[in-house]
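Heads up: the first sequence is residues 1 to 280, going by full-length UniProt numbering.
Among the hints, a few may not be true.
Computed list of lysine to any residue pairs in SDA-like fashion (alpha-carbon distance at most 25 Å, straight line) [claimed, not checked]:
hint	residue 1	residue 2
1	Lys-123	Glu-3
2	Lys-123	Leu-185
3	Lys-267	Asn-241
4	Lys-123	Thr-148
5	Lys-228	Asn-241
6	Lys-228	Glu-199
7	Lys-123	Asn-110
8	Lys-202	Arg-130
9	Lys-267	Arg-180
10	Lys-73	Ser-15
11	Lys-123	Glu-199
12	Lys-123	Arg-146
13	Lys-202	Ala-221
14	Lys-73	Thr-108
15	Lys-202	Ser-15
For the record, the hints were derived by calculation from the structure and aren't laboratory data.
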Amino acid sequence: MPEGHTLHRLALDLSDAFAGEQVRVSSPQGRFADSAALLDGQVVTGAEAWGKQLFVEFPGEQYVHIHLGLYGKLDLEPYTTEPPLPVGQVRLRLVGGDTFADLRGATTCNLVTTAQRDAVVAKLGPDPLRDDADPCRAWLRISRSRTTIGALLMDQSVLAGVGNVYRAEVLFRHRIDPMRPGNTLRRQQWDAIWDDLVELMKDGVEKNRIDTVRDEHTPEAMGRPPRKDDHGGEVYVYRRNGQPCLVCGTSVRTTELQQRNLFWCPKCQRTYRPRTTVKK
DNA sequence: TAGGGATGGGTAA
DNA sequence: TACCCCTCCCTAA
1 MPEGHTLHRL ALDLSDAFAG EQVRVSSPQG RFADSAALLD GQVVTGAEAW GKQLFVEFPG
61 EQYVHIHLGL YGKLDLEPYT TEPPLPVGQV RLRLVGGDTF ADLRGATTCN LVTTAQRDAV
121 VAKLGPDPLR DDADPCRAWL RISRSRTTIG ALLMDQSVLA GVGNVYRAEV LFRHRIDPMR
181 PGNTLRRQQW DAIWDDLVEL MKDGVEKNRI DTVRDEHTPE AMGRPPRKDD HGGEVYVYRR
241 NGQPCLVCGT SVRTTELQQR NLFWCPKCQR TYRPRTTVKK
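Please construct the entire structure, taking both the sequences and the accompanying hints into account.
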């Protein structure tokens, strides 16, 4: 489930569970064993997310940099007497007084310094989930690029935290053709997209899932069965290829764009092309 | 029960 | 461009 909302939610949950507390740190799988030994018994001072990057903070400018990648997971579970034996390949385990956290399948799990943390953050575009984000930085890139808006929204150096689901959904909600070049968007359109992402992703952090349909398009409002798959959230186009668009009934389409599946409604998101020649 | 695919992105070639 | 991470749900058989 790792788009930006997942990582921000994990940062909040990690802070709640461990901040100010001594933790046991281990790497049952072994691949983080040396770093885990250095951190074992130290106090967690906090956790913070930037886009899809997560940092668990320890005293003395030490951070565990985590990136879940495509299928990584960080599970927090309560325990009473003793945490259970690890299941599967647990790269990192944190154990506090009443909660333990297991990291599996992550792309990145490294012990880094403040300078290294800052270098990771410096490569990222503004994150809609952070109060310190400046959407103008993203607009500067988008408005000067011939790359499609569908690709630009997924580029973490343009915008941090948006993944394949939010990309597809926000473009649908604003009726924008994903293949449209960034430099053909109007400023007003970008501002509306940004404001919408802030709202959608904050909702995602709260509910820990991605819901993007408006009230009139919920299963209850439309009298249709709820979405039933591993994601759970209600969406307009993401992985709905071949199914009717919830707004116009046209069959939702999919294609591959830069090794990722893109979903859109060809009618609702038809690019407006101003007439360049006058026909008789 | 086996196999495919997925919300991502760094790195090697 | 290919691989890697090595999870885990879903589908086809």
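Hint check results:
no. : hint              : in the structure
1   : Lys-123 / Glu-3   : holds (17 Å)
2   : Lys-123 / Leu-185 : holds (24 Å)
3   : Lys-267 / Asn-241 : holds (14 Å)
4   : Lys-123 / Thr-148 : holds (20 Å)
5   : Lys-228 / Asn-241 : holds (15 Å)
6   : Lys-228 / Glu-199 : holds (24 Å)
7   : Lys-123 / Asn-110 : holds (17 Å)
8   : Lys-202 / Arg-130 : holds (10 Å)
9   : Lys-267 / Arg-180 : holds (14 Å)
10  : Lys-73 / Ser-15   : holds (17 Å)
11  : Lys-123 / Glu-199 : holds (24 Å)
12  : Lys-123 / Arg-146 : holds (21 Å)
13  : Lys-202 / Ala-221 : holds (23 Å)
14  : Lys-73 / Thr-108  : holds (11 Å)
15  : Lys-202 / Ser-15  : holds (18 Å)
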